[in-house]
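Protein chains in written order, with the numbering used here: chain A, 1 to 234; chain B, 235 to 546.
Hint data in this document are derived by calculation from the structure and do not stem from the laboratory.
We put the CB at the ideal spot given by N, CA and C, even for glycine.
Accuracy of the hints is not assured; some may be wrong.
As the list claims (entries may be wrong) - Here are a few chain B residues that face chain A, going by a calculated C-beta distance under 7 Å:
(1) SER404
(2) GLY525
(3) ILE526
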Amino acid sequence: MSFPESLQNTFLPQEIQFIVENEPIKILPRITTRQRKQYRQGSNYDPDSKNSHPIKPWRLITTNDYNVNNMIAMKSTELPLWMAVLLKEQKKCNIIAPNWITVSNLDKYIDFELKNPMKFSSLPWNWLVIACILFTKAPDDLTDPIHLLKSRCQDLREIRLAKVQNGLAILNESHLQLDNLSLMEINEIRPYATKISDMFKNLHKNTAAGLGEDYDMHMDTSEPGASFNMTQNP
Amino acid sequence: MDIDDILADLDDTTNIPTSSSFNTSVFSINNNNNDSSITEENSILTEDDTLIGHHNNNTHKTDNNTTITFHPEKDYQELITTWRNERMAPEILHYPDNLIKRILYYVEQQIEYIEYLSLGFDNDSTSTDNNANRNVNTMYKDKKLSLLCMEAELERVKFVIRSYIRCRLSKIDRFAIYLHQLINLDDIGNDELSKSGLVSRTEYMYLVKHSELLLNHLHNTVLKHMHENLQAIDDNNGSIDMVTKPQLDNFVFIFVRGRNQNTNDNNNKKDKKETYVVHIDDEEIDLVTGGIYIIRYNVIKKYLEEGLVVLL
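Same shape as in the complex, but just chain A:
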């Protein structure tokens, strides 16, 4: 009632984006917010001066507001992503794309993914969302042509997705290690992965209680020596 079924036990992609948007990113502001003089001394806004505050044009409660109060045009600084996007939409800043979003670096990641079928490359945990946001909101701030970057990202995504799907074969009733999987990718496989693991666990309980070894033997032979950087329990 208070929470729709679709939100229970999973996040919406939008919520993943929300989480990622709290991360800091570097920007080049086009405005200056640093005050040359001290702006005001002991000013009160309440006649009763009950709730007086020093005047501070930007006061934020989720991040340190020092950076945003001390922006100098064309001097790089760091802001949360959501604010960077907001300023970008107002044409008040340029976003400095993280250095993994270049054709050459993405190619390296693709190489790694292809050479290590059992491992994920160490892309940032939020690469998919960051790439998506930058492609839509700040295409002009990217150093390389956008269509090349997009196709690289698409490749990366498909390779990794295929690996994840292969990985589902070695899900088991104990645990599984999946290093370097990004949050969005985790969210995608969450419904399958957790449900299948739960089922395995229940099967395991039942077989351990009654039916004997058949099930275990099947599990052991199903994927000989699979390691997948997901250390399967022996």
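With chain A fixed as given, assemble chain B onto it according to the hints.
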């Protein structure tokens, strides 16, 4: 019952700082600001300091020896983590009373501040000389932008709080009878509810009212027509327990965060990755810091409470 009303109700009641210690801390901050006419930078610092000081004194008496600094920034991150854990955990987690109070306090202050800025009270007295006039003009343009950002930020915080509370309410709905048993077992009065810390006062009130309505409804529609022996709602004599309980051995995604920065600095073995041992059935598994695992909730529960792992 309309959930919006409940939520609105909850919002209203939680907005009012209930504990006396909180009230005093609000008060002393205001006093401090009145007395001091200092430069902007300094007063920011003192404002933070008083906040820190009072939270230290009043809400965290246990940590008297160590000076822990509290910032809105950190609190927000903690709120995000708490929210994400709550969303993914199969059971209801402990209610971070002080954290929520602090966050609501920040939100309240921020709403006032935004109102104050948007009404333009801050521009009144600077318009005497030309230089100041120009300043005011540029300030005004900048202010619109900053207001935009501040309002957006406020909405973001509100969203997290709302989603968090709704998630908890849905869990309270689902496990109503189970929670009833749990809380009654502890045999606590309303006043000592915060001691157990599982649900907040308002949530407890909701739980009581809601389960009362539900039980009445079940009784009036079905149970009263049945044999007396079959009327129990929490019967577990048969093979199946009637009470819906959280599935603690469900699988969850975890990220092993390890010790937080502060303690890490004291540790000399920074390079060596810490591992945490968990036991599943008979085998031992090392959870490596920085790793992502799919694992049963109940085996990592204690690490989750310590904050060493977070749910993804």
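Hint-by-hint comparison with the structure:
A distance limit of 7 Å between C-beta atoms decides the matter here; for SER404/B the minimum to chain A is near 4 Å, and the interface restraint holds. A hinted interface residue such as GLY525/B counts as satisfied when its beta carbon comes closer than 7 Å to some beta carbon of chain A; here the least separation is about 5 Å, so the hint holds. Given hint, ILE526/B at the interface with chain A, holds; its Cβ is 5 Å from that chain's nearest Cβ, closer than 7 Å.
Going down the numbered hints, you'll see the structure goes against none, and every one checks out.
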